[in-house]
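Undergrad: Sequence:
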Amino acid sequence: MTESLLLRLPRRPGESASWLVADEGGRLVVPVRSGALEDAAALGAGRRIVGLAPAGDVLLADVELPAKTSASRLLQVVPFALEEQLADDIDELHFALGRRVSAAGTPTPVAAVGKPVLNEWLAALAAAGLSPAVLWAESSLLPTNPGQLVMLVEDEQLLVAAPGRTPIVLPAGDFSSLLALLPAPESAATGEAAAPAPGLLVYASAADWEAHAAGIEALGSHFAAVRVQLLTEGPLPLFAQQLPAVHAINLLQGAFAPAIDRTTGWRPWRAAAALLVALFGLHVAGRAWELSRLTRAERELDAAIGQVFRTAMPGDTAQVGDMRRRMEQRLLAVRHAGARGTLLPALSAVAQARGAAGDARLETLSYSGGALDLKVSAPDAASVDRLNQHLRAAGWRSELTAGNAAPNGYVGRIQIRAAGS
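The opening position of the sequence shown corresponds to residue 26 in the numbering used here, with each subsequent residue numbered one higher.
I should point out that these hints are in silico values taken from the structure, not numbers from a laboratory. C-beta atoms are modelled at their ideal positions from N, C-alpha and C, and glycine is treated no differently.
Here are the computed distance ranges between Cβ atoms for each label pair:
no.: 1; residue 1: Gly311; residue 2: Glu145; range: 55 to 61 Å
no.: 2; residue 1: Leu301; residue 2: Asn170; range: 47 to 53 Å
no.: 3; residue 1: Glu388; residue 2: Ala444; range: 23 to 29 Å
no.: 4; residue 1: Val142; residue 2: Ser59; range: 17 to 23 Å
Working from the sequences, and respecting the hints, build out all of it.
TA: What follows is the structure in structure tokens.
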């Protein structure tokens, strides 16, 4: 739940500020405190900071403005629409627009404040480490009631909210000006009956009520009823209750609009972005693992192909990419020789004789002109001779054509032909 630091600026230099923390329902989280602005800075961390400007320094009004006109254009028109209500040079004033209603003839709420005083407020807040999200006139948070005038009595000023009107500020004791806010009396000329008198709801501290009770009670005959509610902690808790439905004008517009905090807009998406990055990382890691697995399987397959090739064609040094072509060439040669009926029986005889000899290893073989030439390695010459004798015993013309000692034993060459060839 979003919490707000509601910060009321001092009306005069040297006075204390006051503040509280409320949730979005206007309920107090941290009670009212007062002191220097710097003392409130710690409570602003992670919370929405709502600044309340002194009502006497901000003019609120409703102005008829052209429809379907941009806000920037309207801000150029507003000073001239308020010219009669302004005592200061319009060049020294800052203007802000409230919520506009599209219906024709509906006035637009506007606010005006002196640029020097607005600069002073913002400088004091910045020096205290406070960056308000909005800055409202405190009178904007005065409660409204359709059947009552609502008045806040505080020190030397009155804040008054009449039904359907913009809140106004009056000097304390000027209670007679309240009568101008009452409905018109019955008109004898038109015969129109006057609207019923509204009630008067007064908010005040015990001290302020005691100071002004006589003047307020003197107006009792003009109101349907007068009710008084004493504020024990000042008006801030009352203002906080209006937060859920407030439609105040934010003074921080135009040149005074706060710089966009891009991290604030980014913050709600951080979790989703982090999840997306994590999922992408998992995807990349999964693809990398799959590629590694396939590469490893490819190496294992190449090794298996090489082993089969070397077993079938011992001594051939062809690379993996060339083994298929070499094997196809050898198979064609085998088929061709097999058609003549010599090579395949000879290979079968060699396989049987090698199994009987056991310790002889076939290194290379070649077939040409009906003769099968073998290169055989063995631990000694006797092993090569045993292989030769087994072939002879099987009915083949087998001759030991060469032999010599090797570092790891003995290497001999045997030539095989069919008997009678």
